[in-house]
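Peer 1: Listed here are the chains, written in short residue letters.
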Amino acid sequence: MLPPQDCRECSAVFEPVLLRNVDVPDSHMLSAYEAGGGYRALAHTLRKHTPDEIIELVKKSNLRGRGGAGFPTGMKWSFVPKQAGKPKYLCCNADEGEPGTFKDRIIMERDPHQLIEGMAISGYAIGAQTAYVYIRGEYVLAIRRLEQAIAEAHAKGYLGTHILGSDFNFIVHIHCGAGAYICGEETAMLDSLEGKRAQPRLKPPFPAVEGLYASPTVINNVETLICVPHIVIRGADWFRGIGPEKSPGPKLYCLSGQVRKPGLYELPMGIPLRELVDGHAGGPLPGRKIKAIIPGGVSAPVIPESGFDVGMDFDSLAAAGSMLGSAGVIVIDDTTCMVKVATRIVEFFHHESCGKCTPCREGLNWVVKVLRRVEAGQGEPGDVAQLQALCKGIFGNTFCALGDGAAMGLRAALEHFEHEFAAHIEEQRCSFH
Amino acid sequence: MGMREEIETAAERYPDRRSAIMPALLIAQREYGHLPRPVLEEVAEVLGVERIWVYELATFYTLFHTEPVGMFHLQLCDNVSCILCGSEVLLSHMEAVLGIRNGDTTSDRLFTLSTVECLGACEMAPVMQVGDDYHGNLDIARIDALLDRLRAAAGQGADVHVASAGLSGV
Chain A
0 MLPPQDCREC SAVFEPVLLR NVDVPDSHML SAYEAGGGYR ALAHTLRKHT
50 PDEIIELVKK SNLRGRGGAG FPTGMKWSFV PKQAGKPKYL CCNADEGEPG
100 TFKDRIIMER DPHQLIEGMA ISGYAIGAQT AYVYIRGEYV LAIRRLEQAI
150 AEAHAKGYLG THILGSDFNF IVHIHCGAGA YICGEETAML DSLEGKRAQP
200 RLKPPFPAVE GLYASPTVIN NVETLICVPH IVIRGADWFR GIGPEKSPGP
250 KLYCLSGQVR KPGLYELPMG IPLRELVDGH AGGPLPGRKI KAIIPGGVSA
300 PVIPESGFDV GMDFDSLAAA GSMLGSAGVI VIDDTTCMVK VATRIVEFFH
350 HESCGKCTPC REGLNWVVKV LRRVEAGQGE PGDVAQLQAL CKGIFGNTFC
400 ALGDGAAMGL RAALEHFEHE FAAHIEEQRC SFH
Chain B
0 MGMREEIETA AERYPDRRSA IMPALLIAQR EYGHLPRPVL EEVAEVLGVE
50 RIWVYELATF YTLFHTEPVG MFHLQLCDNV SCILCGSEVL LSHMEAVLGI
100 RNGDTTSDRL FTLSTVECLG ACEMAPVMQV GDDYHGNLDI ARIDALLDRL
150 RAAAGQGADV HVASAGLSGV
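First to last, the sequence lines map onto chains A and B. Each residue of the first sequence is one higher than the one before, starting from 0 at the first, in numbering that gives the first Met the number 0. Each residue of the second sequence is one higher than the one before, starting from 0 at the first, in numbering that gives the first Met the number 0.
You may find that some hints are simply not true.
[Said to hold, decoys possible] From the structure, some residues in chain A lie toward chain B, with a derived Cβ separation under 7 Å: (1) P98; (2) F101; (3) G136; (4) V139; (5) H172; (6) A177; (7) G256; (8) Q257; (9) K260; (10) G262; (11) G282; (12) V297; (13) I329; (14) C336; (15) F347.
[Claimed, not checked] Stretch-level coverage of chain A by chain B, calculated; a stretch enters the list once three of its residues show a Cβ under 8 Å from a Cβ in chain B: (16) 151-159; (17) 338-346.
What the hints contain is simulated information worked out from the structure, not anything from laboratory work. All values reported here derive from a predicted model rather than from experimental measurement. All residues carry an ideal CB built from backbone N, CA and C; glycine is no exception.
Isolated chain B (complex conformation):
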């Protein structure tokens, strides 16, 4: 299904097409990796809604990225349960091994590192989301093994839509 078709299908769920902006932005972000202005305008055009309605949602909700992110978006929880279980040490470690600060993207565009609010998986704290997947009960050894796996997946031209929820960065 093409993006426009997918957005049309989503819009059928609601009596008002404005409601379909959020699902449409999720679909568009999967397609394009992030949501630059022309993509937002395309979404507005497909749905036949005001552009400002689309802009305001794209900038209000944190899962929407108006700027490019790396192929793998490392989203480490730093809310209470995770910091109680050592997530700050993991953040420092990843900053050191990736050579970037929280919020930045590596120069090869493989990784973006962000701390995020509670992911709702505190039973496996500390937890990090990468693409669609949650990785829990993390420690430095597990983080290193995960980063190695992701690098290997990128090197083999893995389907980044599976590995990183479409944050392809290309």
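Here chain A stands alone, though its shape is the one from the complex:
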């Protein structure tokens, strides 16, 4: 991790690329996208590169998946068998259900062509002719804008058959979700796309080999896909030169909660959390003090004040016991009860549990009951130990990462703010309200 001083300098010279178009007039229209150099990367790809060269380029860039897991994108693409004898699919995960996250919505609303171009290049690389964008149903404006953009791209020959005079054929369909956080889990998303209840699948087989309709499928997040055109134009070295070597690139950070300037920020991967919140997002509200930050959506373990110098990248946050996740940075100040925050988070996971496996379905139900009574001032002396035991029973024992996310988040809250839980139980009340 770079010391804060150096990083301030590097973010001062940092030039946003992913958000460069979002504030121009009519940014969602093809004319505005083309005026900013849009679809040049696709034209260049089809003229100058083989699919394998694009995969190698993305591998060399060290692009890691922006949906939360941080898996190397080029490597994921290379798992797709060359000769499958079946159609291959590209799926864009635009379900964006992780609380505290809104980056993909803003991209789709304000720069949908950037996503289409990223998908077309990625589809070319993996040999897919059909793509589905799985967008959560609440995102009505994003759905409408992306539909319009797909129609515009078809009319201009950026999608369809013989794209830009090449042999490459590619179409993009939108599939609207209907309100289920679990659809962000890639195999649950595939089941949902196949018209089933969204429940995660056993892996292996991995989707790259057997995914949608049992065909080879690559699933990438919106932000991952929009990095691709920039890597094609500016090169793998440019991308790898931003932020930490093993976790590089420009990054979208979603700032929300008790902070002066909530919003979407594009800054280098690895920027210290403190600089992001204090330097860019304006720091705490007047007269308040920030006591905790959730760095990557509510699945990411909360970080207390002593940890705010951590770098915002996959490896630094993992080493600090948290995770980058979706980079949904939720700022919590000293007027807020952490027991209440923890309760709301676990209630969320309990509500969204798909019901497939017992530790998640039943375990979270139990955790919620204990947390609610502690928060209501009716906690019992053994409740903290009980919560810890429940976390142990859930973590690592669930079918997918949903249960793990709930357990990790609660464990961190218990570890860093145990005094607040203890005070609730001892005083039989919440001192915050």
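Since the structure of chain A is already known, use the hints to place chain B on it.
Peer 2: Only chain B this time, still in chain A's reference frame:
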């Protein structure tokens, strides 16, 4: 385009008609306001798929309503970023002025009030979705003004499909 035609068009996007159940349910809900059993059966019949496949999706996904909802469905986010910015106060306020509890519908069937999980618009917390529209940076004054606008729109026979994504409740 009629509902059946619209569902057929949606089905063309997929190699398997089962995939079209979700889009078909969204289309049917826009048409009928909610999804009672006969509507689910119609969807199954149009797509030629098992009824149970349709029932299970209609009850699994939270955006599908098997029971009627009010003309305007007030969906207030109560996830972390929104409660940090005061959404609980807004919930109590709406419960008081509408005279209903969270999850209920007013007796004139104008409003259904629900808390929902994160709407993905935390930069404008607290946020509420009504029909197709997001309303952000809410406070009590803005909520009151919004409710007044919605009441006025209902009184003028406004196109509720625009105002409330087809949750007509009729």
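Peer 1: Look at each hint and say if it fits the structure.
Peer 2: Against the structure, the hints come out as follows:
1. P98: Since chain B brings a Cβ to about 4 Å from P98(A), closer than 7 Å, the hint holds.
2. F101: Given a least distance of 5 Å, the restraint on F101(A) holds.
3. G136: holds (5 Å)
4. V139: Given a least distance of 4 Å, the restraint on V139(A) holds.
5. H172: Result: holds, 4 Å to nearest chain B Cβ.
6. A177: Since chain B brings a Cβ to about 4 Å from A177(A), closer than 7 Å, the hint holds.
7. G256: With a minimum Cβ separation of about 4 Å from chain B (threshold 7 Å), the hint on G256(A) holds.
8. Q257: holds (5 Å)
9. K260: With a closest approach of 9 Å, the K260(A) hint is violated.
10. G262: Nearest chain B Cβ about 5 Å off; hint holds.
11. G282: violated (15 Å)
12. V297: holds (6 Å)
13. I329: Holds, because the Cβ-Cβ distance from I329(A) to chain B comes to roughly 6 Å (cut-off 7 Å).
14. C336: Since chain B brings no Cβ nearer than about 10 Å to C336(A), farther than 7 Å, the hint is violated.
15. F347: holds (6 Å)
16. 151-159: violated (count 0)
17. 338-346: With 4 residues in contact (Cβ-Cβ under 8 Å with chain B), the coverage given for the region 338-346 of chain A holds.
The structure fails to meet hints 9, 11, 14 and 16 from the earlier list, while all remaining hints are met.
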